[in-house]
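For chain A, the structure is supplied; the task is to place chain B on it using the hints.
There are 2 protein chains.
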Amino acid sequence: MIHNQTIDHQLNHRSIRAFKDQSLNKEQLTTLYNATRQTSTSMFMQQFSILHLTDPQLRQQIRAISNQPYVGDNGDLFIFVVDLYRNQQIRQQLGQDDGRLHTTDIFMQAVEDTVLAVQSFLTAAESMDLGGVILGSIKNDPAKLVQVLHLPKMTMPLLGLQVGVPDQQPQLKPRLPLKFLAFENQYPRDLNVADLADYDHDVAQYYDLRDTSRRVDSFTKQITGSKLNSGQPTKRDELAQVLHDQGFALDWN
Amino acid sequence: MIHNQTIDHQLNHRSIRAFKDQSLNKEQLTTLYNATRQTSTSMFMQQFSILHLTDPQLRQQIRAISNQPYVGDNGDLFIFVVDLYRNQQIRQQLGQDDGRLHTTDIFMQAVEDTVLAVQSFLTAAESMDLGGVILGSIKNDPAKLVQVLHLPKMTMPLLGLQVGVPDQQPQLKPRLPLKFLAFENQYPRDLNVADLADYDHDVAQYYDLRDTSRRVDSFTKQITGSKLNSGQPTKRDELAQVLHDQGFALDWN
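Taken in order, these protein sequences are the chains called A and B. Here the first sequence stands for residues 1 to 253, where the numbers follow our numbering. Here the second sequence stands for residues 1001 to 1253, where the numbers follow our numbering.
So here's chain A without its partners, still in its complex pose (with noise of 0.2 Å):
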């Protein structure tokens, strides 16, 4: 294995979840934000925008949407906005019409943008030694989201990321070996999940220190388990119609 200080990072990264009380300050904040901005973009578009909720109402609001303590607790809180809005004001005022933007395509390709910013935004914090958590828990109730952050049509906010002075040491979460990940050539189709026994054991091992009190499920019991089953609905249904009410990927139907 090769070593380095962004590998060696990367080979530790766990999500942290409790944040002393101390926030970013100027020059942290800077930095972050231009390490991300220099990140691959698809066609050079540049199709997300970044929130970064500092009002006390705001992130009370989010965290009642996300339903977990720590959002918008100690650390700063980021909202990752998928974002046509501004080509789309660009073309407008230049006497264009919307063209491709409301395509899956062009919706895709603004949600590739967004998320390879989050994934830059983390590595940029975590190599200044601080931690984050990327919070998908934002979406549990879309339009609410939307709403919330007054945000207009042609925007859609997809990842929370909470940053801050890690104040907690969580164990590494073992992920699955590489044989069920990564292949040459051929996907296989023959997975076999006897062969996940091992990495079922390895993940029982685990303390979320969510829950301390007990270890976490098996693999294959996560995946089988509330995760993925259907149950009552929930708001979290709703992003389609919330993804379609905003103006994206009118193709899609």
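Hint data in this document are derived by calculation from the structure and do not stem from the laboratory. The C-beta atom is built at its ideal place from N, Cα and C for all residues, glycine as well. Hints may contain errors.
Derived pair list, reagent style SDA-like, types lysine to any residue, alpha-carbon separation capped at 25 Å [as the list claims (entries may be wrong)]: (1) B:1227 to A:57; (2) A:179 to B:1092; (3) A:20 to B:1183; (4) B:1153 to A:194; (5) B:1153 to A:191; (6) A:179 to B:1025; (7) B:1153 to A:188; (8) B:1221 to A:89; (9) B:1144 to A:189; (10) A:179 to B:1147; (11) A:153 to B:1179; (12) B:1227 to B:1153; (13) A:26 to B:1186; (14) A:153 to A:92; (15) A:144 to B:1189; (16) B:1153 to A:250; (17) A:20 to A:137.
A few chain B positions that, by computed beta-carbon distances, are all more than 10 Å from chain A [to be verified]: (18) 1021; (19) 1022; (20) 1060; (21) 1068; (22) 1074; (23) 1081; (24) 1143; (25) 1147; (26) 1166; (27) 1201; (28) 1202; (29) 1205; (30) 1207; (31) 1215; (32) 1245.
The following block gives chain B in isolation, referenced to the frame of chain A:
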């Protein structure tokens, strides 16, 4: 600005599209995979896979789809796959139905997992003084792409990534100034395209190594031009249908 090895690589990121005739060695490959594997993953579901294309015929087929001469030329070619097949197999073999696997919500989580992994992989490569380019062009013909890679339903190739020893030194391509990209609390709806004049000037100084004979268009010219204009339908417009055919996001209509 804070500086460290990671940040400096990020600030200097440029896509590399020409590589020396030299493949990754086993140690480099293993390091890249292991660094990528530890990336954040939504709900710990790990819903992506990586295909390493070493077969010349496959590489040629991907080049034909991408319609870019450098794709599958020198350098190692990887395809990052949105993968709900693995978790579907786990659920089915353990006697569960597919649960929420066909929802937009879970599809988007898998897309997020996949794109986070792409950026981690590229970051790791750049830290080792390799270069790379993310390839959205593999989606130029989504149905053909799935067919060429013999992929089962519940998988979708999302992005390519070509990595290797750089054989070019592109200029740093200037990104949008932070005032257009990062905001505190409130997303601004009052973009005035005239405010982009300075940035347009900066972009127009850039020479694209894909066509060294001329500078690139200004940013607003790119946004109002053929990249986003509606034109003749292309196979890129088939993305939504192919995603549907692959079993994703069946609640989107």
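*Mind listing which of the numbered hints don't hold for this structure, in increasing order?*
1, 12, 23
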